[in-house]
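*Asks:* Residues per chain are reported as follows:
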Amino acid sequence: MDDFLTVIALIVSLNAVICLYRAAVGPTTQDRLLGVNIVGTKTLVVVVLITFIQAESFFLDVAMVYALLLFVVTVALSRYLEAEGWKEAG
Amino acid sequence: MAKDIVAGVLCCVGTFFFLLGTTGLLRMPDIFTRLHPSTKCDTLGACSIIIGLAVYSGWSWEMPKLVVIACFLLLSSATCGHAIGRSALRRDIGYWRRKGTEVEDGDGA
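If you're matching them up, the sequences are chains A and B in order. Read in order, the letters of the first sequence are residues 1 to 90 in the working numbering. Read in order, the letters of the second sequence are residues 1 to 109 in the working numbering.
Only chain A is shown next, with the shape it has when bound in the complex (with noise of 0.2 Å):
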C-alpha cells in the first residue's frame, strides 16, 4: 500500500508542476491566482499522502493549517483585486 500512496503522491506533484504553467504565464492576474490556488490544493494532497507514507500523524496538523492559509490567502488576494483603480502589471 505504501508504494501505491508513493505513486498517487508523484502523479499528483507533476500534476502541480504542471499547473505552475497557468500560474506563470496567466493572461490575466485571476488566472495566476487560480493557478496558485490549484497547485496549493494539490501541495495539501501531498502532504495527507505523506502522513500516510511515512506513518507520521503530525502532518495532518501542517495540512489542516495549510488548508486555512490557502483560504485565507485566496479570498484576501481576490478581494484586493477587485478594488477599484487596480490596473494589470505589465
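Simulated from the structure, these hints should not be mistaken for lab results. The structure presented is a predicted model; accordingly, all values stated were derived computationally and were not measured. Glycine is no exception: its CB is placed at the ideal position from the N, C-alpha and C atoms. Be aware that one or more of the hints could be misleading.
What the hints assert, rightly or not - Mimicking EDC-like on lysine to aspartate or glutamate, the simulated pairs with C-alpha atoms at most 16 Å apart in a straight line are:
1. B:LYS65 with A:GLU56
2. B:LYS3 with A:ASP2
3. B:LYS65 with A:ASP2
4. B:LYS99 with B:ASP30
Unchecked claim - Beta-carbon label-pair distances, calculated as ranges:
5. A:ALA83 with B:SER60: 40 to 48 Å
6. A:VAL25 with B:ASP92: 20 to 28 Å
7. B:VAL68 with A:VAL17: 26 to 34 Å
8. A:ALA83 with B:ALA2: 51 to 59 Å
9. B:GLY100 with A:GLU56: 54 to 62 Å
10. A:VAL62 with B:THR23: 27 to 35 Å
Using the hints, position chain B against chain A.
*Replies:* Only chain B this time, still in chain A's reference frame:
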C-alpha cells in the same frame, strides 16, 4: 483487505479528477471556463483522496482530522472559486467567444 480495495479505488478516482483538472486548466480558453474544471479538481479530486485515506486509516485519531480537512475543502474551494470569478467579473475581463459568433451590440463581451 476490503478496506484497502475501497481506499485504492477512491485514490484512483481522485487522481483521475486531478488529471482532468490539470487538463482543463491548461486547455480552456478564458478565466470563467477555467474555473469550472479547477473547482471540480478541488472538490472531487482532493476530497476523494482524503476520504479514501480516512477509510484506509480505520478507527484511529487520523480519521476525524481527515474528515475535518475534507469538509473544510468542500466549503473553501467553492468559496475560493466564487471569489475569483467575482473578481474577474468586476474587473471586466471579457468572455471568450468562438470566432465569427461575436454579439453585435457588444452585450456581455
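*Asks:* Each hint should be assessed against the structure and marked as holding or not.
*Replies:* Now the hints, each set against the structure:
1. With a C-alpha separation of about 14 Å, the suggested pair LYS65 of chain B and GLU56 of chain A falls inside the 16 Å cut-off, and the hint holds.
2. Using a Cα cut-off of 16 Å, the hinted pair LYS3 of chain B and ASP2 of chain A holds, with the two alpha carbons roughly 14 Å apart.
3. At most 16 Å may separate the alpha-carbon atoms for a hinted pair to count; LYS65 of chain B and ASP2 of chain A exceed this at roughly 20 Å.
4. Of the pairs offered as hints, the one joining LYS99 of chain B and ASP30 of chain B holds, with about 14 Å between alpha carbons and a cut-off of 16 Å not exceeded.
5. Separated by about 46 Å at the C-beta atoms, ALA83 of chain A and SER60 of chain B satisfy the suggested range of 40 to 48 Å.
6. A beta carbon spacing of about 21 Å between VAL25 of chain A and ASP92 of chain B agrees with the range 20 to 28 Å that was offered as a hint.
7. Roughly 28 Å separates the CB atoms of VAL68 of chain B and VAL17 of chain A, a value that falls within the hinted 26 to 34 Å.
8. Between ALA83 of chain A and ALA2 of chain B the Cβ separation comes to about 53 Å, which falls inside the hinted range of 51 to 59 Å.
9. Distance hint for GLY100 of chain B and GLU56 of chain A: a CB-CB separation of about 57 Å, consistent with the stated range 54 to 62 Å.
10. Taken as a hint, the range 27 to 35 Å holds for the pair VAL62 of chain A and THR23 of chain B, whose Cβ atoms sit roughly 29 Å apart.
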